[in-house]
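Colleague: In case you want the letters, here they are:
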Amino acid sequence: MRPVLKHLAIFFAALALAGCPRHRTYHNPNMDFGSVRTIAVLPFWNLSKDPQGGDRVRDVLVNALLATNSVYVVPTGEVARAVSRLAIATPTPSSEEVVKLCSMLKADAVVVGVLKEYGEVRTSSATANVVALSLQMQDGGTGKVVWAGASSKGGVGWSARLLGSTGGEPVNDVTEQAVDDLLEQLFK
Amino acid sequence: MISSSSSSSSRLGWRAAAVAVALLAACRHGQRPAPAPLKLAVFPVQNASGGAAPIRPLTEALDAALGARGLDVVPRGALDAVLAQHRMRFTGGVDRPMAKVLREELGVDAMLVPTLEQHLADAPPKIAISVRLVGTGDRPVVLWADAVARSGDDAPGLLARGLVRSSGELDRTVVGEVARRVDAYVRARSSGDACGDAGRFQPRRVFRAPVLDDVGRRSIAVLPFVNDTPRRSAGDVILGQFVAQLARSGSFEVLDPGFVREELLGYRIVLEGGVSVDNAVTLLSLLDADLVLSGYVREYTGGQGAPRVEFTAYVLDRKTGELVYSSSSMGAGNDGVFFFGAGRVRAASALSCRMVRGIVDRIVGDRGRSDQMGH
Numbered sequence: 008m009r010p011v012l013k014h015l016a017i018f019f020a021a022l023a024l025a026g027c028p029r030h031r032t033y034h035n036p037n038m039d040f041g042s043v044r045t046i047a048v049l050p051f052w053n054l055s056k057d058p059q060g061g062d063r064v065r066d067v068l069v070n071a072l073l074a075t076n077s078v079y080v081v082p083t084g085e086v087a088r089a090v091s092r093l094a095i096a097t098p099t100p101s102s103e104e105v106v107k108l109c110s111m112l113k114a115d116a117v118v119v120g121v122l123k124e125y126g127e128v129r130t131s132s133a134t135a136n137v138v139a140l141s142l143q144m145q146d147g148g149t150g151k152v153v154w155a156g157a158s159s160k161g162g163v164g165w166s167a168r169l170l171g172s173t174g175g176e177p178v179n180d181v182t183e184q185a186v187d188d189l190l191e192q193l194f195k
Numbered sequence: 003m004i005s006s007s008s009s010s011s012s013r014l015g016w017r018a019a020a021v022a023v024a025l026l027a028a029c030r031h032g033q034r035p036a037p038a039p040l041k042l043a044v045f046p047v048q049n050a051s052g053g054a055a056p057i058r059p060l061t062e063a064l065d066a067a068l069g070a071r072g073l074d075v076v077p078r079g080a081l082d083a084v085l086a087q088h089r090m091r092f093t094g095g096v097d098r099p100m101a102k103v104l105r106e107e108l109g110v111d112a113m114l115v116p117t118l119e120q121h122l123a124d125a126p127p128k129i130a131i132s133v134r135l136v137g138t139g140d141r142p143v144v145l146w147a148d149a150v151a152r153s154g155d156d157a158p159g160l161l162a163r164g165l166v167r168s169s170g171e172l173d174r175t176v177v178g179e180v181a182r183r184v185d186a187y188v189r190a191r192s193s194g195d196a197c198g199d200a201g202r203f204q205p206r207r208v209f210r211a212p213v214l215d216d217v218g219r220r221s222i223a224v225l226p227f228v229n230d231t232p233r234r235s236a237g238d239v240i241l242g243q244f245v246a247q248l249a250r251s252g253s254f255e256v257l258d259p260g261f262v263r264e265e266l267l268g269y270r271i272v273l274e275g276g277v278s279v280d281n282a283v284t285l286l287s288l289l290d291a292d293l294v295l296s297g298y299v300r301e302y303t304g305g306q307g308a309p310r311v312e313f314t315a316y317v318l319d320r321k322t323g324e325l326v327y328s329s330s331s332m333g334a335g336n337d338g339v340f341f342f343g344a345g346r347v348r349a350a351s352a353l354s355c356r357m358v359r360g361i362v363d364r365i366v367g368d369r370g371r372s373d374q375m376g377h
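Going line by line, the protein sequences match chains A and B.
With the first sequence counted from 1, adding 7 to any position gets you the working numbering.
With the second sequence counted from 1, adding 2 to any position gets you the working numbering.
Hint data in this document are derived by calculation from the structure and do not stem from the laboratory.
Listed below are the simulated SDA-like cross-link pairs for lysine to any residue, each with C-alpha atoms no more than 25 Å apart in a straight line: (1) Lys-56(A) / Thr-303(B); (2) Lys-107(A) / Thr-322(B); (3) Lys-123(A) / Pro-232(B); (4) Lys-56(A) / Ala-334(B); (5) Lys-102(B) / Arg-91(B).
According to the in silico footprint, chain B covers these stretches of chain A (three or more CB under 8 Å from chain B): (6) 54 to 67; (7) 83 to 93.
Cβ-Cβ distance ranges computed for the label pairs, FRET-style: (8) Thr-97(A) / Pro-232(B): 23 to 33 Å; (9) Thr-322(B) / Asp-39(A): 19 to 29 Å; (10) Val-128(A) / Pro-232(B): 23 to 33 Å; (11) Asp-39(A) / Asp-140(B): 46 to 56 Å; (12) Gly-126(A) / Arg-234(B): 21 to 31 Å; (13) Gly-201(B) / Ser-102(A): 44 to 54 Å; (14) Thr-322(B) / Ser-132(A): 50 to 60 Å; (15) Gly-201(B) / Ser-132(A): 29 to 39 Å.
Only a predicted model underlies this, so the values are computations on that prediction, with no experimental measurement involved.
Every residue gets a Cβ at the ideal spot worked out from N, C-alpha and C, and that includes glycine.
Kindly produce the complete structure, drawing on both the sequences and the hints.
Modeller: Shown next as structure tokens:
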């Protein structure tokens, strides 16, 4: 191969790899995920600027989990009652607290999460919505983390940068994309 | 003679034909008899608009509009006297003691509960009024419910000649339409309006358990929605619309929110952070109901811009103690609007009504109307 072509091939390969999403997912190899029938989703740790962002994303996740018809999700009111009774420090429960919570809710696992970004991001000439979320699943029997995943969707793309567009996709659509991505990682 | 005989036979023929037509008209096979007339009492308009609103003029206008249609309505003075005598102050719904008093002392068959969901006097004005008729039987259930929402710029027409700029004019139009619909129900038992196609405002992620197809699970209580918005009474508006659409579906027996409130207060049930299964089962036992519907309202904005509404709704089942329906909905009045504003929804109440309709249609699914099932 001629050196120019070779350099071009390397350049395009590097470009393609740079565009690939990098999933940092953890699955506990000893965990039987098929045995998880009931899940409790705790309120998320909200690091975004929107005070309601955590609840909104949690709603979308709960409905998306239920809509898979693979697992049952404990009603949020039931989770709130159990958290209050056990005086659990959400959104970061200890392993012992997770075991107690699952015992009270008759759940097989607990999902905790951190919402890192939710809402509009701005560059010099363009704005768009972005959602960045990471989730962990903790086993109800041992309190150990059995799955962890993260996803970030939306943001200002190259076309928006070039054309200076504003708005982008609605934040709810971006949230759904991020949640779908996480569920794909979980059920992989 | 011949002519005389001919004219007499022709007269007889005409008479026979007239009698036959009269008999056929009297028989009217397959048609239902006219429904029994209802004696109504009308509560003052409840203000769920989130701000100041001309409640007294609207109440008076509604009284006048219903009276003009010849409906049998208890005079306001008599109703106020009975409520004062029994120290009943809550007029946002009907509980059992109130139903008993109204039935026994005033002979009322059904209470009309009007709620003002939106009122903007600035041009273009916007107004939305929902009404429900609650039976005064031993279990106060919603017999019928409907809502009318209008914006001054709903139909601007050519050169904005159809634009309504006066709030008073729009108020009168809406009150007149409300009275017409109440009259239609009382005289012909026509069902409530479906407030437009839910189409683009359908919830996207839905969980619905097959248990909901069981027509044995019939009675449903709608609990207050948690209001996570800065707008006052947003939860009450969404609750009212769920009650209206569930009643319209004809598939459920919908308990009046006043009846639900009575039990919540009586047993001091606090719904902090949503409904827990324990709360739901306790409440459903007290109400002798099968299902409970509640949720959260995340956004409800409806000023002069495009309205935006976001909420989550879920249904819990008494028998299994599990969630049987859950969905999140988010919509804006200009969703899917591309050309010349065609199809834009201008009032928040109209938008939420269409979103709620989409959910109720999903909940009902293949159940159909209970009157078609022989209930």
